[in-house]
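Number of protein chains: 2
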Amino acid sequence: MKLIAFDADDTLWANEPNYIDVKLKLCELLSHYVSEETLSQQFYDSQIRNLAVFGYGAKSFMLSMIETAIELTNGAITGSEIQQIIDVGRKLLDFPIEVLDGVNEVLEILSKRFDLMVLTKGDLFDQESKIARSGLGHYFKHVEIISEKNEQAYERILQKYQIQPADFLMIGNSLKSDVLPVVHIGGRAIHIPYETTWAHEMVTDEQLTGKSFTTLSNVRELLGLLETVNEQV
Amino acid sequence: MKLIAFDADDTLWANEPNYIDVKLKLCELLSHYVSEETLSQQFYDSQIRNLAVFGYGAKSFMLSMIETAIELTNGAITGSEIQQIIDVGRKLLDFPIEVLDGVNEVLEILSKRFDLMVLTKGDLFDQESKIARSGLGHYFKHVEIISEKNEQAYERILQKYQIQPADFLMIGNSLKSDVLPVVHIGGRAIHIPYETTWAHEMVTDEQLTGKSFTTLSNVRELLGLLETVNEQV
Chain V
1 MKLIAFDADD
11 TLWANEPNYI
21 DVKLKLCELL
31 SHYVSEETLS
41 QQFYDSQIRN
51 LAVFGYGAKS
61 FMLSMIETAI
71 ELTNGAITGS
81 EIQQIIDVGR
91 KLLDFPIEVL
101 DGVNEVLEIL
111 SKRFDLMVLT
121 KGDLFDQESK
131 IARSGLGHYF
141 KHVEIISEKN
151 EQAYERILQK
161 YQIQPADFLM
171 IGNSLKSDVL
181 PVVHIGGRAI
191 HIPYETTWAH
201 EMVTDEQLTG
211 KSFTTLSNVR
221 ELLGLLETVN
231 EQV
Chain H
1 MKLIAFDADD
11 TLWANEPNYI
21 DVKLKLCELL
31 SHYVSEETLS
41 QQFYDSQIRN
51 LAVFGYGAKS
61 FMLSMIETAI
71 ELTNGAITGS
81 EIQQIIDVGR
91 KLLDFPIEVL
101 DGVNEVLEIL
111 SKRFDLMVLT
121 KGDLFDQESK
131 IARSGLGHYF
141 KHVEIISEKN
151 EQAYERILQK
161 YQIQPADFLM
171 IGNSLKSDVL
181 PVVHIGGRAI
191 HIPYETTWAH
201 EMVTDEQLTG
211 KSFTTLSNVR
221 ELLGLLETVN
231 EQV
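Chains as they are written, first to last, in the working numbering: chain V, 1 to 233; chain H, 1 to 233.
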């Protein structure tokens, strides 16, 4: 194994709960205009539509919140109310990072034996800030923040670092982004599910059929699994 | 010379004119609320204040436009007007890329002799999209999109690619981002000014005193300058 890459959000630290919390606050702010159910559906549609133009991340989320609020109120929402939405959304850019249980301990041990990488998708500035706030940066030899985690993106990374797929292990909470594309290009992947998964990251059972990867319930189980793996094959 | 890096916006293609154009449209949209002068000053202040939270790029620009509009109208601006601002801002994410005069020809020649890199700051998704739309991507062996171009950032890049500062040449339109930090860490820099420079990228004469770099009036002049330089020193 020459390179072990970790996803960041909801693999190294809790992220999704902050987004869920901000979305709840948006529902509260708009509760006199629209029901939570209507808002949720419309907001999800807006997010997915905007992904192609804005990409992932907090600023994209904020712009989608604003657009959804305008659309659902037929433009009647006031500037002051939109400022409240922006203020709520800003929290996504500086919430305190809660490192997940076992992560520090596992990175401390693995970083002595392997080259580790943070490999995350999203907003560059936002993700860099979270890595800094996490205090985990020193465990990682490389940091790669990319706009989408698909097969082409993983191939580019492996080419850049001149790593064969068989020497690459990806660890993350998303089957769609961290596991399936890596397995498809011949790499190894370990799935560590997180308590909540954004609907956009869901995959079907069919997509998983015949795919080989390991699922762990806690990051600490990595240590046993990697105990017998050589650093440089 | 082992690596030649080009800045992207206003070095390879025109960018700033699109931002100026969008800002003018913002002035028009808000003309019944506020004068162009007041708006310009307030918007610049908002942009600089938000840089530390949002970083550079189109989405950050859009959020600053919205905040400025709300602030200057004391919250009286309507949701519909804010949607117009968002629609104007979206153009920043898909304007047609106008490659600057001589760039294609110079990259065609240099890419056969040197490893070329696009090294740009800004929003990851936005910058990747511009590189793709420019049709210049195939000239570049490497693409690095970073959140800030300071000495530490350049040092990280050189370390990552194992390049000595003396073997690195940076070419760009911004003295602040492309020239001074590179010169400070012992690299070489070529300045090709563009017709307009964002106020935030301005430097003082004092900052330039004693700094050694070359200024060209057109990218084609690179060819003569690099004619006698060896590919791999």
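Everything labelled a hint here was simulated from the structure, so no lab data went into it.
There's no promise every hint is true.
Same chains, same label: a pair holds when it works inside one copy or across any pair of copies.
[As the list claims (entries may be wrong)] List time: in silico DSS-like cross-link candidates among lysine-lysine, alpha-carbon distance up to 30 Å:
no.: 1; residue 1: K23; residue 2: K160
no.: 2; residue 1: K112; residue 2: K23
no.: 3; residue 1: K160; residue 2: K176
no.: 4; residue 1: K141; residue 2: K91
no.: 5; residue 1: K2; residue 2: K141
Fair warning: this is a prediction, and the values are worked out from it, not measured in the lab.
Quiz prompt | Enumerated hints in conflict with the structure, sorted upward | solution = 1 and 2
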